[in-house]
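**Q** Residue numbers (the numbering used here), protein chains in the order written: chain A, 1 to 459; chain B, 1 to 302.
Hints are supplied without guarantee of correctness; some may be wrong.
[Claimed, not checked] Listed next, with one range per pair, are the computed distances between beta-carbon atoms:
1. A:48 <-> B:58: 48 to 56 Å
2. B:81 <-> A:187: 37 to 45 Å
3. B:294 <-> A:280: 56 to 64 Å
4. B:18 <-> A:90: 23 to 31 Å
5. B:51 <-> A:448: 18 to 26 Å
6. B:67 <-> A:431: 46 to 54 Å
7. B:123 <-> A:276: 28 to 36 Å
8. A:130 <-> B:144: 49 to 57 Å
9. A:118 <-> B:144: 35 to 43 Å
[Claimed, not checked] Within a straight-line C-alpha distance of at most 27 Å, the following computed DSS-like cross-link-like pairs (lysine-lysine) qualify:
10. A:235 <-> B:266
11. B:266 <-> A:114
12. A:258 <-> A:168
13. A:268 <-> B:266
14. A:114 <-> A:362
15. A:92 <-> B:114
16. A:239 <-> B:266
17. A:455 <-> A:321
Honestly, the hints are just simulated from the structure, not real lab data. Ideal Cβ placement from N, Cα and C applies to all residues, glycine included.
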Amino acid sequence: MSVHPRKILLALGALVAFAVPALAQTTLTITCRCVAGGVNDAEVQWLQNYVIPNFEKAMADKGTPVKVALTQFGGTDEALKQQYALDLSVHKGYDVMAFDGFWIPEFASGGLLKPLETVAGSAVAGWDGWSHISTGIQDIMAYDGHRYGIANGTDVRMIFYRKDILQKAGVPNADAWQPTSWQDILDTAQMVKKAMPDSYPLQIDAGTNMGEATTLQGYYMLILGTGEQPFMNGKWVVKSQGILDTLNFYKKIYVDTKVGDQRVQLVKDGRNQSFANFRDGVTSMLVESDWFYRSVTKPGSEFAVANRDQVMGWAKMPAEKPGMGVRGQSFVTASGGTGWVLNPNTAHPAEAWDLLAFMNGKAARDDFETYQPTISARDDVPVPNNPFLTNTAKTLLPLTVSRPNNDAYAKVSEQIQLMTENVVSGQMSPQQAMDAYAAAVTQIVGADNTVDLLKTASN
Amino acid sequence: MPERRTILPLRTGLLFLAPAAAFVVAFIVLPFFWVAVVSFTNRSLTGLGALHPHFVGLTNYLRLFNPSTFLQPGQFGSSLLITAQFVLFSALIGQAALGLLLAWLFYRRESWVKETVQTLAIVAWIIPDVVVAFAWSAFLDYGQGTLNHIVTAFGFHRVDWLLGVPVLSIILFNTWRGTAFSMLLFSSALGSIPPSHLETAEVTGANAWQKLRDIILPLIRTHIVTDLILITLWTFNTFTPFLITGGGPAFRTEVVSILTYRIAFKYFNFGSGSAIGMIMMLINLAFALIYLSLLRRREGTR
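Chain B extracted, bound-state conformation (with noise of 0.2 Å):
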């Protein structure tokens, strides 16, 4: 085994990592297998599960898979796929393709309507969330709100948006919300190719889309893998949408977090929203490996 130059001798080094880590296995290692077990038990906070949580096996599970519940209305499989299309539409396509959408449409232009829509896009990135919850609760109002105000300016009828297209609601607001981030990862991205392989593809007479296709997209490959996997594990564990839709109507906007949150925090049943957050958890470190192993492959073609 080849020996290993570190500046510093071993023990020093994980003594220096040790205060790091005593954090890291306090707060997220220790409650970590703390959820694992409570899942496997009914414990509660109020109720006689709180006195004397007994071990279930795998009850909490079972029921959440139990095919003749599993896609009704408040349900776990309803919940998933619900989160699904969120993710899909908000994270995926509002925010990654209008980031990079807006990154590339401004990239290499200086003027005062780029600031503008960067700020602005960065402002709704910044506030705190439940000042953007009000502000948005306003905005879709069915009698008072802007939104409908303009509709009904342009000689369209009212729309009720949080009634019935609350699913739709969501995914503009967490697009208007995160955008953002992707548009400044990007441009950054943008900012890193070489000026000269453009230049050159120019000369050669290639058009626009040619430029995206050819040089841009597979110069910020990896950009595009890792503002992916970000945002949808982001996405898939918000819990903003709470503040506007409170995961109604009738559940129709109740997303994985949110189910988590009423089981264990409203009905106070510790044992199966602990069921729910590992699962969670699993699927969440399933996106990490399918998208660490795409950043992996491509940078091996590369």
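Isolated chain A (complex conformation) (with noise of 0.2 Å):
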């Protein structure tokens, strides 16, 4: 049998006239740390079953029809982080990313992101979103005067506590615990561990395994309890007393009295280790963000605390003494906050900003509270009947501190972090620890950027 080049020609015709209208389809690819059933399942839901569904309707019937593929990443936000770096180094990557706002400064510095209206043009300033998200939320995703994402939300950070177990170990009023001091913290602490010897009451962040999360839920809320902040008027603090308060803490938390799992701040996966902790009630008091309440401990998680609304409380992280904390408040808590940026080496930037713009449009927005109640950008979302949101917004909102939007940020972090495992390792004392993060971080910024609080107030 033999078959006519004409019929071929014909066939291939027929391919092609198919295949244009395909490929001409723009497709626009998304990430973010969330996995079905997993870490952040909520943003899956709700882009899965609301922001995609409906953002090709809405672009189908505008007659620029687009597909949304959504990839899921699993691993930790340090390694998201380091492969966001690596793909935009390349001019590579998604077109949509969800990103940390305190990612941005060391992103945009470095040239790896660029500033919304650079990568899509005047639609950006036109959006009618903004106006319902304050400048101070909008800086989250913000450096140096330009705007490179949009913001989700903020968060609050707090300590979760097991009122169960604080009952059964005979601390006072443990239905509505609320320590004043980290002197009360620890008293609480070694009463629970009296009771259990086997368990390790108190959880705070600490070690490079954890990442940001030691930097923020850890050492932030302890140093800001002490007055200081690692970065005051524009520079970088590298030797102070209340850095050395801060690391003694964290020894007699982890090393003195071992009323904390020092294992759990040195292994690879600590942080789900102190999670699966608390949800067992081995651990009765952690350092945590709403996140915790929102998402890791929701019902059906893989951290759910059995019967959460009556044994899980949360109380204010007091100062180190009642009125030492930053600007002389007697509790403090720090923010930080989440959001999406467009990728600058995207090959569609408009209907990429146009889906920016969509996710962070009101009724997508309201959509996500019913996934998961937030606190979100937008001051014409409310977070549904949520006490807990509604209480802790309330109370810890006019209370929080932000960390500096400063390129160096990132890497004096890494150094925080390695601090802390210095101490809690029991590898370096509390004075050695702190003269080699001195050395560190004035290698990165330089001495001009640095200063020593215990030599200013010596002179």
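If you follow the hints, you should be able to join the two separate chains into one complex; please do so.
**A** Below is the structure:
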């Protein structure tokens, strides 16, 4: 049997005719640290059930059909950041990326990200959503006066505690526990430890394996209670009484009294183990952001606390001593925020911006709240009936502090993690660890940008 | 000068070599010079050093060898010491000695024990890294690990392998992992010894130790040196312990390859990562030269 060449040509022609519209359709890629049924499950559900179908429909109605492909990233935050940096450095990567706000200065100053206006043009400035997001919250995703992305919202940090366990250990007022100093926290932890010698009542993140959680949930929550911050008046504090007090407190917890689980700070998968410890009651006090309530311990998730509404409470993080905290506060907290950015290398900047704007529109953010109530960036998106978030936001947002919007921050943060690891592992004294930190930070930012508060105090 | 006899004219020979040479230049020589250049800059992947890297002279090198921090955990000197222990105990003593012992024990014997042991050793050698690392993490786990189940079954206390004795753990791991190579190499070396030598020795009443010392070892010397060169270089550069310990706890298992990775690809500090890479390369070169000169001398005296 022979095939006439003309038939082949016809067949090819037909193929091309089908292929051209298929090729013409734009595909946008999007990614986040989110896995269906795993970490940040709500993001996946929201993207797959609401954002992608509705956005595709809206674009098709406009006559510019697009497809959106979601890639679920299951690794750690640090691994995702590493992936982004490597992708962007070779001008590749996803069109729209979930981004932690504190990564922005480092990526922007390195030229890996470009301001939204540069990527997507004048459509950005004309977006009606900006008027519903306060400049403070816009700044989460900004650097040096330019917006690089849109923030979803913000968060606050506190001590989560187990009422049932504190009660069992005989802690007075266990239902409404509120320590007013570091010593209070330590005393409570020791009471629990005495009642349950195998437990590790207190978890304040430390070490390099916990990454930024160590810096923000651990170190920041302590150093703010000494009245200091890592970056003050335009300089990085490399030596101070506050740093020493903070490190000594870490040492008390993990080395001297063992009310905290030293192993968990040092092993590779420590953060998840600390969550498991809290779920199992091995740990009864844990410092985390509201994400711990919204996502980690949510009923049905891996670390869900049984009977959560009865047994889990929250307390404000006290300063070292009353009134000793930053700005003279007696209680402290720190905030970060996450959002989405545009890839400057995207082949479809206009459509990518359309997607970003759609995701941050009122309708989409309202829909997200049905999956996971959160402190939204938009002032027209209320938290649906959720006393926990309403209360924590009202109590803690006025007290909060953000990390410096500085391109050296991420590198200094790594040194902070290292400094705490040196102390909680017992291999350095607080003084030695601080000296090593001072040397390393001076190397990173230059001596002119550092300050030694111990020296200035004695002069 | 005597005329060289070759099958092909020189020009044709070079033509055939050209594609391979082009690959070597593109993927080995050029990157090498690039790394050398980068090691004198403050180049980074993120932050200001990414857009405007500049020449910093010997700063990266001087910082590595800064005496006040050299031996601190997580610093270059401390990492070198850990690597030295790791190479000495897991490669030279562990893999080479155990490999030689296994090869010698089963020399000129055929039994199911030999088949089983050799097969198991080879299996340990050929499984992909990630699978092996996963298995060993489970094996060494403090709470549920197989090894601790065995230890407690014998009435001993649990050992915190990865936190208490992390260096020993990765040494055990690497010995287990790599012994097969030395065993195979030594087995084939032993196979090349003429049986008559050993039979003569037996007739004259030599015992096993004397046969090993006076006949076997001298005859397989060059194989031993080759084996030592290869496994030292491999172990010095291996990255697999990272998959088990991540370099921790507190940098106690951070061998130089993991240190390089952390500086260059976690902290994105390409300048100082390249400087470490350059020094690693010099150390590798030194190892290779020492071994090669040993090899030459021994061949000369034979």
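**Q** Each hint: holds or not?
**A** Quick rundown of the hints versus the structure:
no.: 1; hint: A:48 <-> B:58: 48 to 56 Å; in the structure: 54 Å, holds
no.: 2; hint: B:81 <-> A:187: 37 to 45 Å; in the structure: 42 Å, holds
no.: 3; hint: B:294 <-> A:280: 56 to 64 Å; in the structure: 57 Å, holds
no.: 4; hint: B:18 <-> A:90: 23 to 31 Å; in the structure: 29 Å, holds
no.: 5; hint: B:51 <-> A:448: 18 to 26 Å; in the structure: 21 Å, holds
no.: 6; hint: B:67 <-> A:431: 46 to 54 Å; in the structure: 19 Å, violated
no.: 7; hint: B:123 <-> A:276: 28 to 36 Å; in the structure: 33 Å, holds
no.: 8; hint: A:130 <-> B:144: 49 to 57 Å; in the structure: 52 Å, holds
no.: 9; hint: A:118 <-> B:144: 35 to 43 Å; in the structure: 52 Å, violated
no.: 10; hint: A:235 <-> B:266; in the structure: 25 Å, holds
no.: 11; hint: B:266 <-> A:114; in the structure: 22 Å, holds
no.: 12; hint: A:258 <-> A:168; in the structure: 20 Å, holds
no.: 13; hint: A:268 <-> B:266; in the structure: 15 Å, holds
no.: 14; hint: A:114 <-> A:362; in the structure: 25 Å, holds
no.: 15; hint: A:92 <-> B:114; in the structure: 53 Å, violated
no.: 16; hint: A:239 <-> B:266; in the structure: 26 Å, holds
no.: 17; hint: A:455 <-> A:321; in the structure: 23 Å, holds
Of the numbered hints stated above, those contradicted by the structure are hints 6, 9 and 15, listed in ascending order.
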